[in-house]
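Protein chains: 4
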Amino acid sequence: FQNKFGLAAPCRRSFGGTAWRSQSTSTSLDLSGIYPPIATPFMASEDVDYRRLEENLLKYAQVPFKGLVVQGSNGEYPFLSAEERVEVVRAVRQSLPQNKLLMAGSGCESTRATVQLTEKMASAGADCVLVVTPCFYKGKMDSRVLIHHFTQVADQSPVPVVLYSVPANTGLELPLEAVVTLAQHPNILGLKDSGGDITRIALIVHRTSTQRFQVLAGSASFLMAAYCVGAVGGVCALANLCVSGRWDEAKALQQRLIEPNTAVTRGLGVPGLKAAMEWFGFHGGSCRSPLQPLTEAQTQQLRKDFSNNGWI
Amino acid sequence: FQNKFGLAAPCRRSFGGTAWRSQSTSTSLDLSGIYPPIATPFMASEDVDYRRLEENLLKYAQVPFKGLVVQGSNGEYPFLSAEERVEVVRAVRQSLPQNKLLMAGSGCESTRATVQLTEKMASAGADCVLVVTPCFYKGKMDSRVLIHHFTQVADQSPVPVVLYSVPANTGLELPLEAVVTLAQHPNILGLKDSGGDITRIALIVHRTSTQRFQVLAGSASFLMAAYCVGAVGGVCALANLCVSGRWDEAKALQQRLIEPNTAVTRGLGVPGLKAAMEWFGFHGGSCRSPLQPLTEAQTQQLRKDFSNNGWI
Amino acid sequence: FQNKFGLAAPCRRSFGGTAWRSQSTSTSLDLSGIYPPIATPFMASEDVDYRRLEENLLKYAQVPFKGLVVQGSNGEYPFLSAEERVEVVRAVRQSLPQNKLLMAGSGCESTRATVQLTEKMASAGADCVLVVTPCFYKGKMDSRVLIHHFTQVADQSPVPVVLYSVPANTGLELPLEAVVTLAQHPNILGLKDSGGDITRIALIVHRTSTQRFQVLAGSASFLMAAYCVGAVGGVCALANLCVSGRWDEAKALQQRLIEPNTAVTRGLGVPGLKAAMEWFGFHGGSCRSPLQPLTEAQTQQLRKDFSNNGWI
Amino acid sequence: FQNKFGLAAPCRRSFGGTAWRSQSTSTSLDLSGIYPPIATPFMASEDVDYRRLEENLLKYAQVPFKGLVVQGSNGEYPFLSAEERVEVVRAVRQSLPQNKLLMAGSGCESTRATVQLTEKMASAGADCVLVVTPCFYKGKMDSRVLIHHFTQVADQSPVPVVLYSVPANTGLELPLEAVVTLAQHPNILGLKDSGGDITRIALIVHRTSTQRFQVLAGSASFLMAAYCVGAVGGVCALANLCVSGRWDEAKALQQRLIEPNTAVTRGLGVPGLKAAMEWFGFHGGSCRSPLQPLTEAQTQQLRKDFSNNGWI
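Chains as they are written, first to last, in our numbering: chain A, 8 to 319; chain B, 8 to 319; chain C, 8 to 319; chain D, 8 to 319.
Among the hints, erroneous ones may be present.
Which copy is meant is left open, because identical chains are indistinguishable; a pair holds if it fits in one copy or across any two.
As the list claims (entries may be wrong) - Only pairs whose alpha carbons sit at most 20 Å apart, straight line, appear in this in silico DMTMM-like list of lysine to aspartate or glutamate:
| id | residue 1 | residue 2 |
| --- | --- | --- |
| 1 | Lys145 | Glu184 |
| 2 | Lys311 | Glu184 |
| 3 | Lys145 | Glu180 |
| 4 | Lys66 | Glu126 |
| 5 | Lys127 | Glu94 |
| 6 | Lys127 | Asp162 |
Note that these hints are calculated values from the structure, not bench results.
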């Protein structure tokens, strides 16, 4: 059994191979597969560069991915206005084939803003939304509060909801107990877990095994391990950047990816991703301020991480 | 020597007692003194309740404070739209006597949004702006990036800028070296430090002693210690809530305040502050979701922290 | 291909199946397999209870494990004197069949004490030693210092050395760069990694793939994932406690183990392990002070974690 | 009012000025004042260099300190055997005038070892003992466990006990609730707090104000602030190194000390302290391994921290 991308997933949870768009109810959306989290290109004025965005999409179209994550952390969504966030999703939907899933980040700090943006994302063509944990008042974001927040959002969302836990950015992990409770909500499909705690991922798979709850690894660094304990796919910036052919040798790919991927995800962040994009023929360019381009030394180190592993 | 509130500050830095509004240049704005960081009251619909806001301002007017912080962390600014943030500042300015300083929070994640909001805050009547560290990409927010961000904002701001470091919320402390560098900017007045690391506060005072850089303690919990090492004032929610008379016995007040204040600042957050406001005749009410009201047990514990220390 | 315990390890690194004791040089010691980290039973006086220790060993002998870890974190070694630590190892060696590997914890805070204890452990019959990172001066334990420490120990040790990183206890992770450098030492065999960061484990396997460096998972919670990215075995308290038969269905076992195992390793610690030992016919008993027995509530919760997963 | 060292302490708790040795009961031991925490000099062989230790004591004798801390964190106690720890205390007692207080570190991981070492320290001439929190099983060291530990030790100690919380080394802060409970024990005198959280220190002073519980700042970096909120003294490596005259201008001294002191306490540790000792005519020398001497770059930076502040 192989997924669309030829990536052998020897120990993941089995599930029916039904195409998600042919189903009538949200809960049957099949998340399994690999998703590039796309970056947002900017012009020198720091305005969104829609032309380059479209050119990147053409390039992504050559990779047999399952869909796209738009406005995830790699999309610099906290630097975009609500209008820009929706507009980018609309632009992507127009270019993206209908059989590709569009997962749009719609999380905001307040519940009301998240509900509103979620509705707009659905109208703009998102197949499901990715909702990050609110995080500014992190000391107050306990299970009670987060369950209330995500329940409100899922109750009112026209499309299925994927929970999003990314502690490196939020300083907050969506508590296991909250995940288990929320997994019972009919409009909550799964979790993108970018924390990479494999024990927690395994425990979530185990505790939600009677629901149809799907876990996506938030990074290529722990993609294979996550498959191994029951995740169904991953949101992997670099995986899709440099892998355009078949994943016949998944394990070797995993090994070669882990060093450059870790350099980006644990070290250099979006500026690192955008630098690497240029090396692979995508438009990367600058981030919005305050994010700054890599220093020369950082660029050289990152280049070494790619070349040492045979990618460039 | 006593400040306006009668709080003896035996070991703080000396400075001229000039009134801040009589000066022609921004750098002469004197921040010394105590500021309530006001909460934002909401209606049951979660819309801003401007009537109750104004009633609270009338009540604050009975306390001889130096000014108000509007849209700080206690104002739930991350839950307000940019328009609401400006509107609240405008409403406060209309009620606030001209001799009271209005410090408005204008920090956003992106530099461009912060610059824009800063200009609007100045137009709405803010005397200076309080600019929090961007924090979502915290792994990338090093000194280089933050110096660039705050310099851009200060260069373009029509009013003086106060740096704001609040690691409990942002997961990020504005690095000491960045503070020292930014202290040289003519439009950067000082720092509100809510981290409470007294060694760092003393070091900042020491390293900026040749500039006219002013440090405010971000909480009543370490107000007296901060004065002791050279801070010039504080932004203290509870201090102003329950102290309406003279601070003839500052030390005893400090001791009695530290337990309820710690309960709020380290434990219960804005919902705790709003609960306490009700006990002292202010309008508190609910927060915007996802923040939830205190549980019954939390309320009782907080009430005990106040009553044990003779406040209620 | 299955290991001795019938645990399918579909994606681990391949290695020769040679028996470790038939080799003439230390570097050929094959660590692959599963090791119970034995607890130290105490009498009511808190003296070591050697009789009960031996009875536990008889019980362990019914499980086809690869060997034993003696004086790991589960053995309460920080509470034993150097003499007691050696004496326990000597006692275990006398009962343990020669074809079972004895890995003895010999780490101390100072390099000199570690060298001395390592020699005594070898004399007492240890096949290899497990050397934890010194940790009290954790702020100073950088790669330079740790490479120096482990090199000194490995240079002088009569038996091969296994590095030991257990950040939950030491507050310190042996840096990746230090591991990669130390992997080149001919007397350093491998690493027991109890941190459970699967990205790091995969990266260590990748970066040391040209050496014969072997990684052991320090807990059953991430055993299968670690196998998946190239680890060769694990040190797993509960795995051996409750699994006495074949591991025909490794994945199901992993799933059922993760909840009780996490309860012990992330929550209840040695007192939890010792409580569970009693339920499976081993002698557990009390820990040395300051460790205290589980509270009644903790005991009930732990029992539920076992019974919910069908172990008791 | 000034203490022996001329250090104005304008806002500390008042207490009787009785000399501690003239009292018949332990609870009357007055801890107020400043204590150098002495380093342990080693020979090239890494054996304790008793001759140089004595020469250092002659140099300390020129400073009017209240007493000495022997075998604190700066004494590298985790690298010494129990016998060495006692022997160093005995050697210091022989050189130290009877009117100087000797506070000896006697903390070990197990309760039984701590009780035994405490008795030996008392026999060797310690006036009181400084007992650090056990820390290896930090996840289990909750209030219940720590109260039990310190109570056992205090019950059996022939001399008064001072609690010792040093989270930078132990990864563990003695919980506030445990401190408040333990403050009621007749043989527990006070707390050396090296964490530097001034809110916590103030809260401890406030919560123990009805007992005769004395708090010592664990570092010169926050000495003045600690005095300000009610601490009675401090254990300050550098303070005594470089200040041999009167502290007529305490505040200026504090300001000038904070930078080099922070460099040592938050950065360079014991190797930094020992380097600085040489500059002031003390014997510093090497630490025991694994601690290594400063690099050349670290030495230059530290020298600059001292020279910039006018100390060398």
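The hints, checked one at a time:
In this assembly of identical chains, the alpha carbons of Lys145 and Glu184 lie at most 20 Å apart only when taken from the same copy (17 Å versus 24 Å across copies). Taking CA atoms no more than 20 Å apart as the test, Lys311 paired with Glu184 passes between copies only; the shortest distance there is 16 Å, against 41 Å inside one copy. In this assembly of identical chains, the alpha carbons of Lys145 and Glu180 lie at most 20 Å apart whether taken from the same copy (10 Å) or from different copies (15 Å). In the homo-oligomer, the alpha carbons of Lys66 and Glu126 never lie at most 20 Å apart, since the shortest distance is 29 Å inside one protomer and 40 Å across protomers.
Taking CA atoms no more than 20 Å apart as the test, Lys127 paired with Glu94 passes inside one copy only; the shortest distance there is 10 Å, against 25 Å between copies. In this assembly of identical chains, the alpha carbons of Lys127 and Asp162 lie at most 20 Å apart only when taken from the same copy (15 Å versus 36 Å across copies).
Checked against the numbered hints above, the structure violates only hint 4.
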